[in-house]
Each structure stands twice: as structure tokens, then as C-alpha cells.
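Kindly produce the complete structure, drawing on both the sequences and the hints.
Line by line, the protein sequences are chains L, W and S. If you're matching positions, the first sequence starts at 546 in this note's numbering and goes up one per residue. If you're matching positions, the second sequence starts at 17 in this note's numbering and goes up one per residue. If you're matching positions, the third sequence starts at 55 in this note's numbering and goes up one per residue.
FYI, nobody ran anything at the bench for these hints, they're computed from the structure. Because the structure is a prediction, the values reported are computed rather than measured. It is possible that part of the hints are untrue.
[Claimed, not checked] Below, a sample of chain S positions facing chain L; criterion: calculated Cβ distance under 7 Å: (1) E107; (2) I196; (3) F298.
[Stated by the list, open to error] Simulated restraints on C-beta separations: (4) W/A128 to S/F343: 23 to 33 Å; (5) L/E785 to W/V192: 27 to 37 Å; (6) L/V945 to W/G86: 53 to 63 Å; (7) S/Y201 to L/T1000: 47 to 57 Å; (8) W/D338 to S/I93: 35 to 45 Å.
[What the hints assert, rightly or not] Dumping the calculated DMTMM-like pairs for lysine to aspartate or glutamate here, alpha-carbon to alpha-carbon at most 20 Å: (9) L/K1013 to W/E96; (10) L/K591 to S/D206; (11) L/K636 to S/E238; (12) L/K801 to W/D176; (13) L/K772 to L/E788; (14) L/K614 to S/D287; (15) L/K689 to L/D943; (16) L/K736 to L/E765; (17) L/K801 to W/E185; (18) L/K972 to W/E96.
Cβ coordinates follow ideal geometry from the N, Cα and C atoms, glycine included.
Letter by letter, the chains look like this.
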Amino acid sequence: MKRNHSKLIGSGLVAITLSALGVSGLVGAQNGVPTVTYMYTGGIPKDYLKVQDAMNKILTTNKANVQIKLQPTDWGDFDQKTKLMFASGEKCDIVFTAPWINNYYQNVAQGNLLPLEDLLKKSAPRLYRSVPASAWDATKIGGKIYGVINQQIFARIYGFNFRKDLAEKYKLDLGAVNTLEDLEPFLARMKAGEAAGFTPLDLGGPTWNAEYNGFDPLVEDIGVLVKNTDKSLKVVSAIESPEFAKAVALQYKWAKAGYYNVQGDPDLAANFRAGKYGGKINLVAKPGVEFEFKNAYGFDAVAKSLTKPVLTTNGVIATMNGICRTSANPEAAMRFLEQLNTDPLLYNTLAKGVQDTHWVWADRAKKLVAPTANSAAYNPNTDWMFGNTFNAYYLSKDLVGTNEATKKINQQAKASVALGFAFDSTKVKSEVAQVQAVFKEKVQPIIAGQVDPTTALPEAIKAIKAAKMDVVVAEAQRQLTEWSKTK
Amino acid sequence: MTGPHPERIASVPETHTKKMRRSRHDSGQNLALMLMALPGVLVLFVFAYLPMGGAIIAFKDYRAIEGILGSAWVGLKNFEFIFTSGTAWRITVNTLYLNLLFIVTGTFGSLALALLLNEIQGRGRASRWLARIYQSALFFPFFISYVIVGYFGFAILNTDTGILNRLLEQFGIAPVSWYATPAAWPLILVLVNLWKGVGFGTVIYLAGILGIDPVYYEAAAMDGATKFQQVRFITLPFLAPLVTINVLLAIGRIFFADFGLFYNVTRDQSLLYPTTDVIDTYVFRALRQLGDFGMAGAAGLYQSVVSLILVLLSNWIVRRRDPERGLF
Amino acid sequence: MTASARNTPPKTSRSTRSRLEIGPILIHAFLIVVSLTFILPLVLVISASFTDEIALAKSGYGLIPPLWSLNAYQYLLSNPEQILTAYGVSVTVALVGSAVSLLVMSLLAYALSRREFRWRNGLAFYVFFTMLFNGGLVSSYIINTRYLHLQDTLLALILPALVSPFYVLLLRTYFASLPQEIIEAARIDGASEWRIFFGIVLPLSTPALATVGLFAALGYWNDYFLGLLYINDPNLVPLQLLLFKILNNLNFLATVQNAQVSGQVVPLTTVRMAMAVLATGPITLAFLFLQRYFVRGLTLGSIKG
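What follows is the structure, encoded as C-alpha cells:
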């Protein structure tokens, strides 16, 4: 009897919750102005609805004939949710897409995104003009643009940052360091001089890097590459290249010497702030990087790039916004993107919050803003997700001018021979899947210096060949050759 | 894919019916029973049968535009990536082997702890109070998410600062890089799994022991049976049905077992795959990297089929020993 | 079963008393050691959550924080309604879900266990078959969102997991093994099937019901995948999903922490630990208090041999 009773209460609860839920979550067009949705990733900030209101006010003032509904989605959910959204044919308008999250290539191959060229010319002429033609070319797949590029640092530069105090203490001569090998004496001095728990570098795997070795990664995660200056466009498998062998040999040597943490470190940031690391070798040595270092880890930094800036497809299209095939009003979506990329206030409202609520002007002439007590309620911290980052206001006086400097680097960067080529994996999907599995299992440990490459590398090459890497390389070669003819 | 013969499964209980069937087979009773079954039948229809057609996705080159039905058939192509380079064999063996270890150690651990707790339960207030504390302590880890367990494991096992290696150092043993030593991981996973789950089984078995009528023990004690004999001839036989049910439950869940354990505690370290990669983790990586629903569907189908074979097999074993204990 | 116990020949007649005196002490000692090992990591988690992050990085995990700090809790509790809501959602889903699930499953199992039931074989196969195949993620998702419109409702967290064929078969076996004479007698007395079910079968089956119910409740409690798929509304996020989201977002923050962070550094490591404490603390305490009733519930029905 008692059991029965609780069941009744239970179903009552469900009914109540249900009716309470029925009301939420509906938007429509108001006064004939269409509303479009914008799905992107990042934590869901507390005040995002306030930001949405402020953006809609600006859109109304601009007579943009479009209203926006923001759909921030958590990092952990974004891939899964977009995949299911597309797979199930759910409707959407604008969605963030990139080679590294909500995969752009997969989306285009699956027909999830609309071709944008006509829409751009018609509904976003200023946006279309503001992006260099070479950058638009990088987005093209089968000759069509499927993504609106967020302008930012396009060029890929490989370099390092070290704590300034340690660089001085252990006499790092920036001028004399031109290769990773040149860093070794400095790393050795640091390792010997600091206490036992100290590690000179924060991460494993920095010695093997496609860009550092002059490659343009065509299929980045399995190391299918082409030399970025090779006019003959010969596609190679990274792990069979002499550059790879040399890099991983160095890596293993560093691992043995204890220059970095072989297993990685889940508490990296905290340990870095606690002074347990000396510095990092990484891909983006862009203007302002010392400031970011200081901000993240609390130490002043010295930085140097080891490569000349190069434009590769993956670098240029690192962050984009696409329009869904299921969008009911693609033109309205494009009108919104035009506004977002050309109206600095609209853009900064999305990127930094509502003026006078989440930020205030510090120096308007220098585009410098200051946080308020409310900043924590809206702080997505991802300028590069939303639009042209050259329109971003500066949050620190140390950063003033970095936008222009970055723009200049982009302009001076040399284009890779394969800039604008994008690999379509549909025909070799099963082979790519096998190679990916082997790569993760056999090659990653080598790259991370966890195993001795003299024995492990030949084994890995054998395994990856057994997983039909040659088929993938041949297909990439065929597509690349074909692509070069149309250029 | 044919699975077991449906009639056989369904008709099994029939064999030991003592012809209790009354001729008075009124349809009113049938209707009442159907009504009782109806909610469950409906739920299964909507959430299991309706989506079932989607399983064909495993044999298709799925594209959202064309939909599930419209996408092109590709035969067994989606299965290729699992079955080449011996992966299928390895992940299946790992899944079976590790889970078998878990079930055996978990069952024995829980039973032993339950027996010990029972021993001290009846010995005064203080003892009973302590017993409850032990019981809670054993149960605690059950609530900790595997994500956290993973971070914690790292604090214990990492090469340079890990607690374990620092301990080994005290005894003059050279540090071991645990995350690069696949051979150690079956044991590590068994220990973690025990730590996390043994309390649960203990509570259930203890409850079972407490449910046994004390008369039996009194009689046995009168006959001069030792503690050990009482356990052997009274407690364990009484617990047998409960143990069987729990073991069967565990076997049925083998393939839907703790993804979190295998993924977070091993920190997805490639070097450990030879001994720790299971079907779940493999499928997860495949879907995350490929974003291909056809291949994920194929992997899922493979998982269901192996799981099914396993359940049938264990059920068959149980039924051979004791026909009444089987699930079907 | 009982036969074997009764047949035990009284072989030994020597007194076992003297040995039993040290026995319990050894048992206590053993259990104390085991309990401490089990508890230790949790103490370390709690201690870490109250430690200053940099101090933690420097001196490692310890029983007592070398430098106390409430930063992690301040960060998490700057938005307390989030965690409270998630708690509410998880508790509701686990309670309602497991209760409804148990009712639906045991009704179905009972029908299947009755030999008089004409469609028994057909339905048993119907249930069993769902263990054989599942339609996969995409088709379930399409049905749940496009046709049932479950997204952003609590039902999305409850309904898909309501009937587990495995538990149904398990309960059926249990019901079928109950002494049929009692049911027969009740039927002859004119009791309806409902009456037999609620009045006789359920009370006799408490151990099976408690076990399955507990499994179902924990299944609901630990699930975050359904939430991940179907919940966007921040007010309906269950606790485990919230934990998952916070950890993920923190990990991401750690990698992109860049110029715009405006000086505020999130203590990632300790927030992780504090989240674990907040997410599991109350439920663990609740369990402590409820444990007695739970065990009593389990023991109410005598175990059948």
C-alpha cells in the first residue's frame, strides 16, 4: 500500500515538473524581423541573456533586419551535440566550426553546411571584402566557401617561451638559439640548478612539429603532410620522414634527461604557477604572447620564434562560423555575420559583454577597456570564436597595438604550396579510422618520448602500413594533384 | 545475429511447471495481466523498438541529408576498422578478462567483508556501532566520480612525485613509470574497482545474512558446529541465490560496464592499451575521432552481439547447475 | 539448501569459545585498517579542496592543508543556485525514476511470471529481444527529440532508462520462484491479480525489489549521458552532468587562459576537488543516515533457499 502511495506522488511530481517546463525556450520572429540562432562553444556565462538583449538592441539600431538568439554550449558537449544535431536533421542557423572542433571537413563532406559565396556577396559585402582573397581560398572545398573566417593570427609560427627569471639566471642567449637543439645547454643548466621537483619544459612532444620541420599538415592528426615549399607537391607520411626520426630521437633524449614530464600533468597550470616548470615550446608565438604567459602563470616571460610565419590551410581556417543547411533564413544569418564582423561594438558585446555592465572604457582612443566588478558574470574569453579579432578592444595596456602587429605578420607570412587544399576523407574513411587508431596507440608514445624510437619507430611504421596508410597517402596525393590543376 | 532460439528461451519455465494450469482459463485474468504488462510493453516499444530500425545504420554510409533510409548501403565496410589489425580480438579479450577479474574479486571481497561484519555485529552496542562505521567507510568510495578517481590515481601513480614511487624509494626500490607499464594495470584496475564497489556488494550480502533465521545457527551451535562450519553450511548456502543474481547482473552489464574506470583511471594512455583498452573505450575514441555514425553503429552492434552471447552463455551455465536460478 | 545445513553432522564437540575471544579483536583490527585505506583518499580530497592551490602544487596531497584557502569554494559557490538546482534535478530523477521504473518493471515481470498468462511466451521474447538489438544513438535521438519532444524535460532523463529487460527477466525469475501455492490459494479465494501482486507478491519479494530498485536509482543518479544528449536548459542539468561540464570547462580554461582573463586566476586543481566534495558530500551523508533503513528493507523479506 505504502509503495503504491509513493508511486502516485512520484507521477504527480513528473506532471508538475512537466507543466512547469512547457513554457520555456521558444523564440519567434517579432514584427517580421527574423531571429536566427547562433550555436558556439564555451562555458555558459551567467549573463549571456543580458548580452543577447544588448546585441539585439544594437542590431535594431543598425536596422540590420535580424535578431539573434545565442546558444552557448559547454566545451564537453559541443562536438556531441552538433554531431547529433546535424545527424538528426535538427534545425539551426549559424554554428561555429573548425578543423579541431565540430569538424569543418566532416561537416562539408556530410553536407551539413551551406555554400556561402553568393550569400556573402549579396548580404555581407563589407565582410566579404575585409578578408583577404587568399584566406577565402583556404576555406574552399571543391571550389566553394563553407565558412566565414574569423580574422586572427593566421600564420603558424613555432617558438618557445621561458620564465624571464630563469632565462636570466641560466643565461639563455636568445640570439644564439635558432633550433631546438640550441636550447639543450640551457635546459641542462636549468635542470641541474633547480630543485628536485622542477621540470624545464611543461609538455611532452614538442620536438616533433610539422610546421617547425617545414611541413604543411594535410591530415594533421595522422601526419599526412607535404613540404610547404615543395612545388612538386609530394605527399608523405610523417613518421616515415627523416625529420620525424630526428625529432623523436631528440625527444627521447630529452625525456631521459628529465627535461619534461613524460606522462603529462593534469594539474599543469597550478604546477606552473607554483614554479615547477620553466617554460614551453608551442605553436603560436604571436604578438602579446608574453602577456598571456604572465597572465596564465604569473611569471614574466621571454619568447622567441624559431620559424618564419607560414600560412597553411589549417592555420587560416582555425576558427570559422558556418550556416546550416537546415537554416530557414540563410540570408538573415548572413546579415548577422556581416554585422558581427563589421560593427566593433556588436562584436565586443558578444566577446566581452555589455558596455558599462561588464566593461568600461579606460582609454577610448587606444581601444582600451577595463573590467568591472561584474566582469565575472560574462567572460567567455574567446574573442577568436565570434568574429574579426582585429576589432577586439584591449583588456590591458600591454596589449595595445598587438592587433596591428598580428595583421602585419599575416600579410608578411609566406603561403604554403598547399594553401587552400582540403582533404576529403569520404573515400578512405575506413582506412583513416584504422590509421588513427594505430597512430594514437603506437605513434603518440613515440612523439611523447615515452618509448625508445630505435625499436618502437620501425614497429610503428610497420603497424601503420598494415593499417593501410599507403592508401590514405595515395588518395591525398591524387586529390592534391587534382587540386593543383584547378588552381 | 540469429541469437538464441526464441521458443527455447521463452518456454523454459514451462518445463518445471507441475501442470498447475487450471482449465478455468478465464480471459478476464489474461486481460488483467496484459494490463499490468502494458506500461512496460509500451515503454519498450517506444524506446527500444521504434529506434531499432536505426541499427541498419551500421551497414550504411550515413549522410544526414539522405536520412537513415536514403543513405547508401555499404555492406560490412563499416566493420572493417574494428576487425583489422587484431583490434577486435584484443578489446574483446580485455573486456572479458578484466570484467571476469572484477566479478570474481568483487564477489569474494564483498562476501568476505560481509561475513566479517556479521561476526562482530552481534557483539554488543559498541561493536555494532563500529560495524556501521566500517560499513559506511567501505561504501563511501562508491559516490566518488571516476573523473576524480582518475586525478587521484595520478597523484598516487605518477613517476616523479607519485606517492607510490616515493614509498618504493623508501625501501630502496627504483621508481616505476606506472603509466608506461601495461602489465601492472589489470591489478591496479582490480584494486580500484574493489575500492570503489566492494562496499555496495558488502551491504547487500550483509543484509542477506541478517535475513537468515537465527534458529538455524542456534541449532547448529547446539550440535557443536564451529563458526567456520556454520558459515560453510548455513550462511553460504542461504546466500547462494543472492550471489547468483548479483553475478548474473554483473555479467549482463559487462559490456556496458564502467567506461569511466577504463578511460579516466588509465588517463587514456596509449601505452596501456594492450591490457586496458576495452570495447567501450575503443568505440568512444572511434566516434570522437571519426564522427562517423555508421562506424559507431557498427561498433555498437558488435558490442551488443558479443554481450548477448555472453549473457546467454552464463545463463546456460547457471541453469545447468540449478535450473531455477537462470534468468530465462 | 536448508537441507544441507540441517544435515550437517555434529562432528565437533570441542568448545570454540576460547578462540572466539581473540577472533573479534582481529576482525576489528582488520576492518579498521581496511576502512582507513578506503577513507584515506577521501580525506585527502577534502583536505586538498581547502588548500591553497600553489601550496598544494608545492607540497602535494596531505591530511592537513599546509595553507588553508576557501578560494575553490568561493569560485564554485559564487553561483550556488547552480549546484542546488542540479542536486534537485538528480534527486528527483533518481527517486521518481527508480520508483516508477520499479513499478513498471515488476508489473511486467509479474505478468510474465504467471503461467496462466496466455501471451507470456510472446511477451517474454518481446522483452528479451530488446537486449539483442538497439537502434543506436541517431535513431533514438531523432525519435526522442523530433517526435516525443523530450529535449529539455526531466522525462528525457527518466523515460529512456525506465525498463531494463535484464531487470525484468531477473524479477520474473524471482516471482516465478515464489511458492505458487500461496498465489493459487489467493486466487481460489477470489483475489484479483492486482491484489495478489500488491498484497502477496511484492511483500514476499523485498530483497529482489530492493536490489533492483537500488541499482535503478544508482543508474539514474550516475547517469550523465542522457543529460548530455537532451538537456540544454541550465535548470535541468543533473549533478553528474554538471560535474562533467565544470571539469571540462576548467580543463579548457587551463589551455586557453589568455590575455582576456582579466587577472582572475581560477584555482583549477582545488576547484576540481571542491566540486567532488560538493557533489558527493551531501548524498554520502544522506546515505549514512538512511543506511540503517536500507539494510532493514533488504532484510524484511526472508531470503529463500
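Hint-by-hint comparison with the structure:
1. E107: Status holds, d = 5 Å.
2. I196: Holds. Min distance 4 Å.
3. F298: holds (6 Å)
4. W/A128 to S/F343: 23 to 33 Å: holds (27 Å)
5. L/E785 to W/V192: 27 to 37 Å: holds (33 Å)
6. L/V945 to W/G86: 53 to 63 Å: holds (55 Å)
7. S/Y201 to L/T1000: 47 to 57 Å: holds (56 Å)
8. W/D338 to S/I93: 35 to 45 Å: With Cβ atoms ~39 Å apart, the hint holds.
9. L/K1013 to W/E96: holds (12 Å)
10. L/K591 to S/D206: Distance ~18 Å between L/K591 and S/D206 Cα, so the pair holds.
11. L/K636 to S/E238: violated (57 Å)
12. L/K801 to W/D176: holds (13 Å)
13. L/K772 to L/E788: holds (11 Å)
14. L/K614 to S/D287: holds (14 Å)
15. L/K689 to L/D943: violated (40 Å)
16. L/K736 to L/E765: violated (32 Å)
17. L/K801 to W/E185: holds (19 Å)
18. L/K972 to W/E96: holds (14 Å)
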